[in-house]
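Novice: Sequence:
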Amino acid sequence: MALVTGAAIGAVAMSGIALGTACSAQVLAAFTQTKMEAIAAQASQRAAFSPPEAYQQQQQQACPQAPPRRPMTAESSFVRKISGEPDNETIRSMAWEGFSMEEAKAHADAEHSRAAARTPSEVLAELQRGNARFWTGSATRPEASAFERRALISKQFPCVAILGCSDSRVPTEIIFDQGLGDIFVVRVAGNALDVGTTASLQYAVNHLKVKVLVVLGHELCGAVKAAQLPMQQLSKEPTELSLALQAIKTGLDESRLAHFRDTRALDREAVTTNVRQQVERLAGDEVFMKKVRQGELLIVGGFYEISSGIVDFFHEVSAEDGNAPSPKKGVSSRFLPGKA
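Each residue of the sequence shown is one higher than the last, beginning at 2 in our numbering.
Hint data in this document are derived by calculation from the structure and do not stem from the laboratory.
A portion of the hints provided could be inaccurate.
Restraint ranges, calculated between C-beta atoms of paired labels, are given here [as the list claims (entries may be wrong)]:
| id | residue 1 | residue 2 | range |
| --- | --- | --- | --- |
| 1 | V196 | M102 | 34 to 40 Å |
| 2 | E238 | R119 | 38 to 44 Å |
| 3 | G296 | D263 | 37 to 43 Å |
| 4 | S333 | R119 | 21 to 27 Å |
| 5 | Q233 | D313 | 17 to 23 Å |
In this text, a Cβ means the ideal position worked out from N, Cα and C, and glycines have one as well.
With the sequences and hints as input, model every part of the structure.
Specialist: As C-alpha cells, then:
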C-alpha cells in the first residue's frame, strides 16, 4: 500500500515538474517575442529620427571624412537575423545605431546657419505662434531627439533671450512651446535688471547673437506686489531681498497706481509698469542699442496672463522703418528712446 502511494505521489511530482517546465518555456517564448517586438519598435523610432536623404548628403559634404550613416528600419538585418532571445551585443547595437559626432556637428552647423539668417521680426513671429499653440491647447512640446541633443553638445544658438520671473507658474519654454536650445532664459524674482541679469543678457546678445530680447512679466507677480508695500515693511526683510524689492519699487510710479480701484487692473498695471521700466533700462544700454540700430536686435516687453495662457507684447524697441513708428505685428505699442 505504501509502495503504491509512493509511486502515485512520484507520478504527481513528475507531472508538476513537466507542467512547470512547459510554463517556463511559454514564459520564455513570450519574453523573447516581447523583446524582439521592443527592438523592432525601437528601430522604427530611430528611423523617424533619421535625417532625410538630402540632409544626409549635406552632412556628407560638410564632413567627407565621416562614414555614411547606416539607415535603420524595422526590417534591418539586425532584426531579421534574430531567432530566439537576442544576445547583449545585438541589443546594444540596436539601442544606438551610430550617429557620429561629425554628423551631429554638421547638423548643429546647419541649424546655426539657418538661425543666423532669421530676422528679429521672424523670430518674434515664431515666439507669438508658439504661445498661440500653448494657450489654444495645441502645443507640440518639441522634445529633441537623441541626435538633436547630441548636436547641441558642440554649440548653442538660441534666437531669443528672455528675462523672466522665477515664479514656478511661468515656465518660459513651455508657454512659448519651444524646445532645447531655442531660448536663452534668465529668471529672477520680478524679472528685474541687476548686475547678474544684465551681464547674462549682454552675453546672449554679444556672443550668442540672439535676435529678440524679451522682458516677460506675469499676472499676480508676488515680487511686484511686495514692492508696493511701505518702505518700513520692506526694510524688515533680509538685506538682499529688501534691496531687490526696493529697486523694483523705484520704477513703479506708485502715485499713479494709487488711482486704481480694481485689484485686477492694478495688478496688470503694476506688472506692465515694471516691464516697461526694465525695457527702458535696456534701451539705455549702448551694448543693446547698437545692435538695435543695426537691425540685428529687437527688444520688447511681454505680459503673461496665467489665467488664459496668453502673452501680450508691448513697448517694442526696434530699428526705425522710415518714419513709421508702428510696432511689429502682434505688438501693441512702441518705445522710441530719446523721443518719449
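Novice: Please go over all the hints and tell whether each is borne out by the structure.
Specialist: Here is how each hint holds up against the structure:
1. V196 / M102: 34 to 40 Å: holds (37 Å)
2. E238 / R119: 38 to 44 Å: This hint holds: roughly 43 Å between Cβ atoms.
3. G296 / D263: 37 to 43 Å: holds (40 Å)
4. S333 / R119: 21 to 27 Å: Check passed, 23 Å falls within 21 to 27 Å.
5. Q233 / D313: 17 to 23 Å: Hint violated: Cβ distance 34 Å, outside 17 to 23 Å.
Going down the numbered hints, you'll see the structure goes against just number 5.
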